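Peer 1: The primary structure of each chain is shown beneath.
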Amino acid sequence: MCALGVSMAEPSEDADLVRSAIAGDDEAFAELVRRHKGTVLRSAARFARNPAELEDLGQETFLRVYRDLRSFRGEAPFGHWLSRITVHVCYDALRKRRREEKDVSLEVLATPVADSSTGNGPSAQLARMILDQAMSRLKPEDRLVITLFELEDRSVREVAELTGWSESRVKVRAFRARQALKRHIGGDDER
Amino acid sequence: MNDKRHDRRDVELDRYFALARLAPPDISGVERNFETRVMARIRESREPWYAWAWRLAPVFLALVFLLAGWSISYSPAHPADPVTMLASGTQEVALLENLTGD
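If you're matching them up, the sequences are chains A and B in order.
Numbered according to the working numbering, the first sequence spans residues 1209 to 1399.
Numbered according to the working numbering, the second sequence spans residues -16 to 85.
Hints listed in this document are in silico derivations from the structure and should not be mistaken for laboratory results.
Because the structure is a prediction, the values reported are computed rather than measured.
The C-beta atom is built at its ideal place from N, Cα and C for all residues, glycine as well.
A hint or two may mislead.
To be verified - So, partial list: chain A residues that the calculated Cβ filter (under 8 Å) puts toward chain B: (1) G1232; (2) A1236; (3) A1238; (4) K1245; (5) L1249; (6) R1250; (7) A1253; (8) R1257; (9) L1262; (10) E1263; (11) Y1274; (12) A1335; (13) E1358.
Let's have the full structure, built from the sequences with the hints guiding it.
Peer 2: This is the structure:
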């Protein structure tokens, strides 16, 4: 895995496949999808609410890749370029559904998180569910940044590269998202 | 007091993140044959406009049948009054027949 969390295996072959796909070889593009679908779907799954939405995000990402294939210059590995497109597709989806998620019930947030070392804490699955619900209240930019930063464990520089935003903007967004999440998860007693 | 609460919330949030990182999303269902579905959508998006025209053929056919049925069943009432016929100016032959008694 490289710095951006994408597969670096056989980068030259990726470039060959891109060239073949541009020339009209469908099988070459199918091979690119086969190689990178895991990375794309794992990233998109952090933003999707259900398998159907994940399927849509994944397909939209590869359709956009197919449309813009000629703009891939090959200066950076194909995986980096693909990750940027994935992030942009997910960001667009977050902005689209912002309104729908405003009314999500946050009753589940009252569940306390015990120390995982004691073995009495909530399952990882439950933690994900709680975070998902709390993050659904964030602005799309904040949610994108905090997901890449905290759940995908990427650095500020990587997040800046993926989103195309400045590092200072990423830091500000991450800080605001964290503050908002603390408010949502801890209740509103801070106000 | 307030700072302590902030610290507690930071720790709690970090715990959530750490736990959530332990549970990678399950993508196995979507991953299966994903490339086949992507390629199908790509082929679909590449179809020329006339491929869509052929798909609309049944709609056009139904429209033709509807119009044909309507035109067969449509029979406008001929005005019996010769003056009305004269005023409309479109029923000259019928008017002539009416006046000559043919």
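Peer 1: Could you run down the list of hints and mark each one as holding or not?
Peer 2: Now for the hints, and whether the structure bears them out:
| no. | hint | in the structure |
| --- | --- | --- |
| 1 | G1232 | 10 Å, violated |
| 2 | A1236 | 11 Å, violated |
| 3 | A1238 | 5 Å, holds |
| 4 | K1245 | 5 Å, holds |
| 5 | L1249 | 4 Å, holds |
| 6 | R1250 | 6 Å, holds |
| 7 | A1253 | 3 Å, holds |
| 8 | R1257 | 11 Å, violated |
| 9 | L1262 | 5 Å, holds |
| 10 | E1263 | 5 Å, holds |
| 11 | Y1274 | 5 Å, holds |
| 12 | A1335 | 3 Å, holds |
| 13 | E1358 | 5 Å, holds |
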